[in-house]
Structure formats: structure tokens, C-alpha cells
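With the sequences and hints as input, model every part of the structure.
Going down the list, the protein sequences come from chains A and B. Position 17 of the first sequence, counting from 1, maps to 17 under the working numbering, and the rest follow consecutively. Count along the second sequence starting at 1, add 1000, and that's the number in the working numbering.
No wet-lab data here; the hints were simulated from the structure. For clarity, every value in this text was computed on a predicted model and none was experimentally measured. A portion of the hints provided could be inaccurate.
Pairs of lysine to aspartate or glutamate, DMTMM-like flavour, derived with a Cα cap of 25 Å [stated by the list, open to error]:
{"#": "1", "chain 1": "A", "residue 1": "284", "chain 2": "B", "residue 2": "1154"}
{"#": "2", "chain 1": "A", "residue 1": "490", "chain 2": "A", "residue 2": "479"}
{"#": "3", "chain 1": "A", "residue 1": "499", "chain 2": "A", "residue 2": "479"}
{"#": "4", "chain 1": "B", "residue 1": "1096", "chain 2": "A", "residue 2": "184"}
{"#": "5", "chain 1": "A", "residue 1": "324", "chain 2": "B", "residue 2": "1016"}
{"#": "6", "chain 1": "A", "residue 1": "12", "chain 2": "A", "residue 2": "184"}
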Amino acid sequence: MRAVDAIMECLKSEGVDHVFGIPGGANLPTYDALYDAGLRHVQCRHEQGAGHAAEGYAKASGKVGVALATSGPGATNLVTAIADAVMDSVPTVFLTGQVRTDLIGTDGFQEADISGITMPIVKHSILIQDPREIPTAIHEAFHVARSGRPGPVLVDIPQDLSRADIPYEPVASVHLPGYQPTTEGNIKQIRLAAKALANARRPVIYGGGGIVNANAAKEFRELCGSDRFPVTCTLMGLGSFPADDDQWLGMPGMHGTRTANYSMDEADLIVAIGARFDDRVTGKLSEFAPRAKFIHVDVDPAEISKNVPAHIPIVGDAKNILPKLTAEYRALGADSSRLEGWWQRIKGWQEKHPLGYEETADAEIKPQYMIQAMFEATDGQAIVTSDVGQHQMWAAQYYGFTRPRQWINSGGLGTMGFGLPSALGAKVACPDQDVVCLAGDGSLIMTVQELATCVDEAIPVKVFLMNNGYLGMVRQWQELFWDRRYSSVKMGGSPDWVKLAEAFGARGMRISDKSELVDGFKEALAEEGPVLVDVHVSKEENCYPMIPAGQAARDMVG
Amino acid sequence: MGEPGTKEVLNLEDLEVSGGIRTGRKHILSILVENKPGVLARIAGLFARRGFNIDSLAVGATDDTSISRITLTVDGAAHPIDQVTKQLHKLVHVIKIRDLEPEETVARELALFKISCQDGDARAQVMQFTEIFRGKTVDVSKRSVTVEITGTDDKIEAFESMVRPFGLIELIRTGEIAVARGRSAT
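Put into C-alpha cells, the structure is as follows:
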């Protein structure tokens, strides 16, 4: 069997039914095998788009996302998506073509050392040296990508080896002596954690993207509901806990709610679950939650005590650990009334500092209102992907996510241009759900070519563009911290987004009157094909509240 | 602190931090890795991007051809050693890491000193030091002597301070290798 045909067999046995990519010289054999392999290939317009589409697919479905690219520039175009996937722990496999083995190291045409280039940003990578290794390598890639803390795995396959005739036997299991993720969680530590919870008077449960990755939202909610614990989730964890629940404090961090940040600041115990105390959450590390002890549950032992020293570390899979922790806590029969005073304090903050913005009397669309209109038009049920910047933060604040995998964005790397390609991946994974890409005008232009993919491949994503004519978050920083010296942040009048959408064969709409917004969104959602809605919002609105960089939670402004 | 298995109340004040601590001493890490292409680059790259410094590094074969051993030393005053080892463990090709305890370890390094000796007197003195340090003279020219010293890094540094006044032309060190004392494997 040709090695490339064996690759197709391996992909199918891993449960893959969709792949994203672009063919080129070095992966011609792979695309030949793909021609009648029975997999759906989504032909993207740029490899970065294919990479983000694979991420969006993975984030929406929980399955491993797969992207294909040729050697050299095809592979280097994947780099941003790979870095994005490692930062947000997205299970992905990237299959790149490489030049023939006799050309490797000679600066051959379209040669790039992609396994060298990506070494710092992959969970693992495999450079194929013997075609007989290919089936095992593919299965190893999937195993590493999806288990433990998920992440991107790159398999680089020289063109000549991919054409080799190899004996193919289905691979039953993979053996990686150096890779044995801990999943169970030490029961003694779990008992200790339950006792600490039972004794805490000002606890906060702080959940992250690890809950989503572990498919443990149900177990997380059960722990949170085992007492009246105040709950906050990071940007990556939004949806793990319903935003309409009265135990919900909002998101913590730089653009989180005052309630969430003040609660962390005054907590005596923080239970971190699948969260990594990113600098956008902690602010000034030395002043973060100064009164708190920390229970840290994470599948990656290297996250524990990396930024914030843990008092009770528990290494393992949240899905296994949380039910045990809930059961141990319930068995202690702790007195709920001990949390009474804490809730009074929290409610004081909630009443004094609700999220809010100044409404306008005229037709002007406030960006925050745009998110609320999106929520209304979609019944709060859409899968929302986003680019990076102010619009992303406003969505996190105002959309009110209620289920995991509903909110797909680039948190760790902060990749502008992530929204549209990840939306198309999410729509491929979940064709029966509304998928909305909330885009920024600075971000959308970076990967807008994927509208062609949406049109040609009949992937009806709805792009709701928050157009303020600026690189808004950068402008906000220049306004607040750089004396309003607006340096290279204006986006000007180009392109005409409606015409651009139409040129791609999508429908374009423009809305600049707030009274038309909800109906306009509904109309776009009802349309059969992809639609781009260009929404003109207030130009110089700032995203508040915020913790200025390097300061502490109690220094929030706005 | 209350035992995990009892209902005894746990006082949060008594909880102590685990991990993330700087030990303030040198650590010798003995790392078994799969003998795969790029494995050394992965380890070196990991140190570079996490901001850890490698003080010395030695790589060699083991009795099993599919496995190599990397011995590296890290300053536990500059880096939290548990973070270093945990990050190393995340590399798929790293099979085992042992942070060798100094008292329970035999560590050796080989150093070659090329020392300037302008006259017979200087040469005689250098050769005398060499004998005291149980070194070997491996090359002599009219105006230089090359000496081989094996031992711990303390011993090598002590020898260096003795011969430096003569004029040290070159010093080349292999980096430490180490093995655990006693019967058990490193």
C-alpha cells in the first residue's frame, strides 16, 4: 500500500471525517490519496486559515482537528495556528509535506525546516525518516494531541517517503515510554482539598479552559452547586458555568468584572481547576489574591506552582477529580451558613459595580449593545467565535454563555484573524447550530480570504463585524497610557465590506442604526448562505472596567 | 495539619506551599531520553525559551542503543528546579529524569588545561601541582604544558586557581557526568 493511502486509513481509524488544507508540490501524494478516501476536505484559501479552521473544529466538537499543508511556505503559514493551538491547548494534528529526502538540507525548492521552526510551539512533532514508521507516527500524533493536556502535533512527511510502498497493518496501540499523563488525581490530596473547602469562609472557585477540554462542565457545575460557592471562569472557561446562575461572579482579570476581581482579592481559598493563572488574570502577581491559599487541579503538572504557588496540588483529569472532590465535600456536611457573610460582601460589589455602559438617545450603536443585540437575535444559543481585541472582551462580558464549547476564541496567543476561519471550522463540526463570527475590522481583514472558502464549500457562517474604524484595543491603550498619540491605529475607509462580501459571493449588509440591529441579525441568521453584517459602532468607546497592565485587581479603573 | 482521612478541621493558615521554590544549590539532572533526531535540540530549546540556564551539559550513549543519557547541571538559586524538571517531563522523548542528591552521587568532569610555562622552573611547578591533583601531563612543548584533570567541578576549579598565575592559555571542560552511589540505577 502507498504510505499516503495508509495515512488515510489511519485518519479514518482515528475517527477523522473532516480535514482542512491546501495542496502543493510536496504533499501531492497525500492529496492524491485524499481524492477518493471518503473524507471531507475543506479547501481553505490560506494555510493559516486551514490551521485556525482545524482549531475551530476541534474546539466546537472536542475531536482532534486536522490541517494539511505543503512544504516551505505552506508549512510556515501554519505557524501562527500551531502557536495558537499550543497556547490554548487545542487538540490538533498538522500534516505537512516536506521536500524529498535527497533534497533535505540543500535549500531545495520550497524547503523549510518546519519541525525545527515549530519545535518551541508544538506539544510534539515527528519528522518521518522511514516510510514504514508513518502509520505508527500518525497514531502517536493523535494520541499525544488529544490526551493529557491537549495540544498541536506536527508530522512532517518527505514527499518521496509518502509515495513509498509499505506493508500496512492497522496499528492497535501506541507505545511512548516517556509519555504517561497522570489522569486520576491523588485521593489523599482530594480529601485534603475537600476539608480546606469545608473550612473556607471566603472561597472562590476559579475554572478555566481545562474544564472544557476535559468535557467536565457537568462535573464542575456539580462541585459548584454542592454549596453556595462563588464561581468565576477565565476567558477560555466561559460557558463551563452558566452566566445566568446566581453563583456566577463574571470573568476575572484585566477586563473582568469588579466582583470577580475583588472576590479573588479577598478570598481565603481559591480553587483553580484547569486554569493557569495567566498574567491577564492575575495582574501584578505579587499582589494577586494576597489572602488566599490555593488548591490547584490541573492535568499538566508543570502548571502547578508555575505562577502562583499551590498549597494543595492535584494532578489529573478534571473529569475524574471533580466528582470525587464533590463527594468528599458533601460527606463532610459543612455548614453553608458560614458563607453568608461572604455572599453579603459579594452582593455589595455586584450592586455597586454592575457591568454597564452609557446608552445613547440617537441611532448610534454602542459596541456593548451590539453584543446584547447578538444575544437577543440568537436567543443566546449561537456558537460565537471571535477575533482579538475590544470586541472579544465585550463579547466575554455581555454575551452570557451558558454551555461549554459555545465560545471559541484565541485567548493565550491573542491571534487577530482567528474568528472567521475558526467559525468555518466550527460550522463544519456543528452544521445544525448557528455559528456567528464576531469580528473586529482590524482582525477580519487579516484572514478575510476564508469567505471564499465559506461560499465555495457552502459553509453558512454569519460574520457580525464590529466596525469602529480602528485597531480599537491599541487605540484605547494609546488614549489611556500614551497621551492619545494615535500611532497607526486608524483603519481608514477600506475596504467597503458589503461590496467585499458580495465580491466573494456572500451576502453583505450594513447597519448603523441601533433600532435595526436585532432584526438585521435575525435576517442574516435566516439567510441560507454566509452573510457579512458590517455594523458601524461608536468609534472611540473604551472597554471597561480594566486593570491597567502590571497593576493589582483592586486598582481597576472605569 | 489534619490528616486527609479524618473529619478533623483543616486550618487554612497551616497549609504550606508546595513547589516553585528555589533551592539555592547546584542540581545535577540525569536524563534518559529516546535516541531520536532532535531530542537534544528540544531540550536545549526548552531551556532557552523558558529562560533557564544550563551550566554544563554532557551527552552520551548508554548500554541500550535506543536510549541516550543527558547529564546537565542547573543552578537552583536562579531557577525553581521543580519547574525545570516538570517542563522537561513534558517532552515526549524524555523517559526519566533524576535530580541527583549531591551526597548520594559520584560526579566527575574532565578538564584539559593548556598552561604557559616560560622556563623549566614553571614547568616543574605545574607538573608538581598536577601530581598533587592526580592529574596527567598529556602534552608538552617548549613554552607550554597540557594537563588532564578529572574530578568534581570543585577540584577542577581549585586546580585552575593554582595554575592561573602561570598563564592559562586554554581551559576545556567536558561538563559533569554523574552516577548514583550504591546498587540502584541512576
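The hints, checked one at a time:
1. 284/A to 1154/B: violated (40 Å)
2. 490/A to 479/A: holds (13 Å)
3. 499/A to 479/A: violated (32 Å)
4. 1096/B to 184/A: holds (21 Å)
5. 324/A to 1016/B: holds (23 Å)
6. 12/A to 184/A: Violated, because 29 Å separates the two Cα atoms, which is more than 25 Å.
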